[in-house]
Amino acid sequence: MKLVNPLTAIFHPPPTPGVLGVFGHLDATVDAIGKLRQGGHTDFTVYSPIPRHEIEDALDQPVSPVRIFTLIGGIAGCAVGAWITLYMSYDWPIVLGGKPVGSIPPYVVIMFEMTILFGALATILGILFNALFAARRLGTVAYDARFTNDKFGIFVPCEPARAGQVEALLRGTGAEEVRRA
Amino acid sequence: MPETATAPARGTRVTYDFVTRAIARTLGHPGKGYFALLGSAVTLLAVGIGCLLLLLRYGLGLAGYSHPVYWAVYITCFVFWVGIAHSGTLISAILFLFRSGWRTAVYRTAEAMTVFAVMTAGLFPLIHIGRQWYFYWLIPYPNERGLWPNFKSPLIWDEFAIGTYFTVSTVFLIMGLIPDIAAARDVVSGWRKKLYAITSLGWRGTNEQWRHYTRGYLYLAALATPLVLSVHSVVSWDFAMAIVPGWHATIFAPYFVAGAIYSGVAMVITLLVPIRKLFRLEELITVHHFENLAKLCLLTGMIVAYAYCVEYFTAWFGGNPAERAAFWYRAFGPFWWASWTMIICNAFLPQLLWFKPIRTSILALFVISIFVNIGMWFERFVIIVVSLAGEPYERFANATYNPTWADWGIMAGSFGWFFMWFLLFVKNFPAVSISEVKEVLPAPTRGTAVHA
Numbered sequence: 001m002k003l004v005n006p007l008t009a010i011f012h013p014p015p016t017p018g019v020l021g022v023f024g025h026l027d028a029t030v031d032a033i034g035k036l037r038q039g040g041h042t043d044f045t046v047y048s049p050i051p052r053h054e055i056e057d058a059l060d061q062p063v064s065p066v067r068i069f070t071l072i073g074g075i076a077g078c079a080v081g082a083w084i085t086l087y088m089s090y091d092w093p094i095v096l097g098g099k100p101v102g103s104i105p106p107y108v109v110i111m112f113e114m115t116i117l118f119g120a121l122a123t124i125l126g127i128l129f130n131a132l133f134a135a136r137r138l139g140t141v142a143y144d145a146r147f148t149n150d151k152f153g154i155f156v157p158c159e160p161a162r163a164g165q166v167e168a169l170l171r172g173t174g175a176e177e178v179r180r181a
Numbered sequence: 182m183p184e185t186a187t188a189p190a191r192g193t194r195v196t197y198d199f200v201t202r203a204i205a206r207t208l209g210h211p212g213k214g215y216f217a218l219l220g221s222a223v224t225l226l227a228v229g230i231g232c233l234l235l236l237l238r239y240g241l242g243l244a245g246y247s248h249p250v251y252w253a254v255y256i257t258c259f260v261f262w263v264g265i266a267h268s269g270t271l272i273s274a275i276l277f278l279f280r281s282g283w284r285t286a287v288y289r290t291a292e293a294m295t296v297f298a299v300m301t302a303g304l305f306p307l308i309h310i311g312r313q314w315y316f317y318w319l320i321p322y323p324n325e326r327g328l329w330p331n332f333k334s335p336l337i338w339d340e341f342a343i344g345t346y347f348t349v350s351t352v353f354l355i356m357g358l359i360p361d362i363a364a365a366r367d368v369v370s371g372w373r374k375k376l377y378a379i380t381s382l383g384w385r386g387t388n389e390q391w392r393h394y395t396r397g398y399l400y401l402a403a404l405a406t407p408l409v410l411s412v413h414s415v416v417s418w419d420f421a422m423a424i425v426p427g428w429h430a431t432i433f434a435p436y437f438v439a440g441a442i443y444s445g446v447a448m449v450i451t452l453l454v455p456i457r458k459l460f461r462l463e464e465l466i467t468v469h470h471f472e473n474l475a476k477l478c479l480l481t482g483m484i485v486a487y488a489y490c491v492e493y494f495t496a497w498f499g500g501n502p503a504e505r506a507a508f509w510y511r512a513f514g515p516f517w518w519a520s521w522t523m524i525i526c527n528a529f530l531p532q533l534l535w536f537k538p539i540r541t542s543i544l545a546l547f548v549i550s551i552f553v554n555i556g557m558w559f560e561r562f563v564i565i566v567v568s569l570a571g572e573p574y575e576r577f578a579n580a581t582y583n584p585t586w587a588d589w590g591i592m593a594g595s596f597g598w599f600f601m602w603f604l605l606f607v608k609n610f611p612a613v614s615i616s617e618v619k620e621v622l623p624a625p626t627r628g629t630a631v632h633a
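Going line by line, the protein sequences match chains A and B.
Residue 1 is where the first sequence starts when you use the numbering used here, and the numbers rise one by one after that.
Residue 182 is where the second sequence starts when you use the numbering used here, and the numbers rise one by one after that.
Hint data in this document are derived by calculation from the structure and do not stem from the laboratory.
We put the CB at the ideal spot given by N, CA and C, even for glycine.
Watch out, some of these pointers could steer you wrong.
[As the list claims (entries may be wrong)] Label-pair distances were calculated between CB atoms; the ranges are:
1. L96/A / P573/B: 21 to 31 Å
2. P623/B / L71/A: 34 to 44 Å
3. L71/A / N331/B: 24 to 34 Å
4. K213/B / P15/A: 17 to 27 Å
5. A217/B / I104/A: 47 to 57 Å
6. P17/A / S370/B: 22 to 32 Å
7. I104/A / Y315/B: 46 to 56 Å
8. A168/A / L544/B: 51 to 61 Å
[To be verified] Derived list of chain B stretches under chain A, where covered just means 3 residues or more per stretch with a C-beta under 8 Å from a C-beta of chain A:
9. 343-351
10. 400-411
11. 565-574
12. 583-591
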């Protein structure tokens, strides 16, 4: 089925032009990241089968904003737990021997569970939102199936005119394979 | 890096590519043994469903309830299955925070076990309530009667705890699966490739994805850790908040949590032994992993044994006649066989794990783990049924309680239900974490030639 034009742009965006390097070694990948950053490249994508601190350190990115999602979710959950228990107790009072209708100690259990529930679900939303939905150029950047297996990869977006220079840089740092996308 | 972390790397064959292919191979065509196990599980489930249908039609009178034993095999099974769930979160979240390298090879199985065990456990309170079609009355929702649940009741705490635990352990399992499904997607073909392409949610292992993912995973583990400790504490308060002698004890929360992890670790061993054999994962799940699980089993088993001693000691030392009578009834009353099965299976038999030849023998571990499972089921039976049957407040009401076919049938069905989901899971999704096993391998660098 052919999609109408604005939808095509969303679901089948055109590929980003650039150069893709495939690396077999972690240290070579880290070298290449350092060289690219020295050369003024900022928005390249690094693929790796596992998270590695070496790559994180070489990229030197800020801490993920997922933690804000977790914090807000947890606080909201605690508030919801307090609200439902207290509101529902006073809406249908069960009066027993002059004891308080809304008593906090047993409600701490509900507040605790709701903190965890909302915190965890907000964390999931945070990961999905940041890593999948809001990821720049997701699906338009060249990819190789070996990157989830045993190869590391770097995709550098660039104009065809500068591609030769980037290719040389990637090969120089030990890329096993370099191709233009 | 600690020596334990590199355990899977001892074999020369284990490379990144080997890990991917060995685990992706489990998604192929398993042998006859697998289908025999699956067939038995489905048969057991069918028995359970048959009994449940009769129970729905004719009511709880079919089960063996007799005054004052109105919490019986169904609640025993509920506590048993919730307990089984706990070690999964311990291995996946708590050991993750402690950076234990050895957990990587076994945590996926444990985590899947958690989800399916909570799924099984959740059925029992619903079966137990009698008019099962009104189960939704437990949920606080605005209704025409203007009623709300009583939040001071431990049963409502339990519902919130179990609901949260099921949700969080499920999303935790799915989150951990995403990079592995992507890895499987890139090596398999056919309809599975399509399935994994959808379920991997576009995972490609980019630096942005890992940056958010690793952070989020850390927070999920940090949230799951207090959760797992709270859930079985809340389950224990279902009993400890009541005044029945044998239930009303402050030791219950830590006692239940230790027992839960103990039974769960035993169940992990019971499940891993056949899975490792059926899917030929000997290089990834080594004797070293079993030994560590055995040590965990021994530790929690000792805590449980200590709790047994403390229970009896407190009953005697406290001097309360009702409490003393209850514990005398427990050890020497008509249910003496249940109490002694529990003590022998849970406190004495696991002492064998002090010996290294036993800890490193897969067969011995398998046998011990099954006895621990039996013992832990009896622990719940003793706490619930025997305490109620021997409660000394109603001298003339003490029952001779006998479970009926409806109790046993539904219990057997719960095992079928659990094993069916578990077996379907291990065949269709990576049963060992691909990316986390790679994390404990040395990364390929230019100095060391690592080839497929």
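Cross-check of the supplied hints:
no.	hint	in the structure
1	L96/A / P573/B: 21 to 31 Å	holds, 26 Å
2	P623/B / L71/A: 34 to 44 Å	holds, 36 Å
3	L71/A / N331/B: 24 to 34 Å	holds, 31 Å
4	K213/B / P15/A: 17 to 27 Å	violated, 47 Å
5	A217/B / I104/A: 47 to 57 Å	holds, 55 Å
6	P17/A / S370/B: 22 to 32 Å	holds, 30 Å
7	I104/A / Y315/B: 46 to 56 Å	violated, 30 Å
8	A168/A / L544/B: 51 to 61 Å	holds, 60 Å
9	343-351	holds (count 4)
10	400-411	holds (count 7)
11	565-574	violated (count 0)
12	583-591	violated (count 0)
Violation of the numbered hints given earlier is confined to hints 4, 7, 11, 12; the remaining hints are satisfied by the structure.
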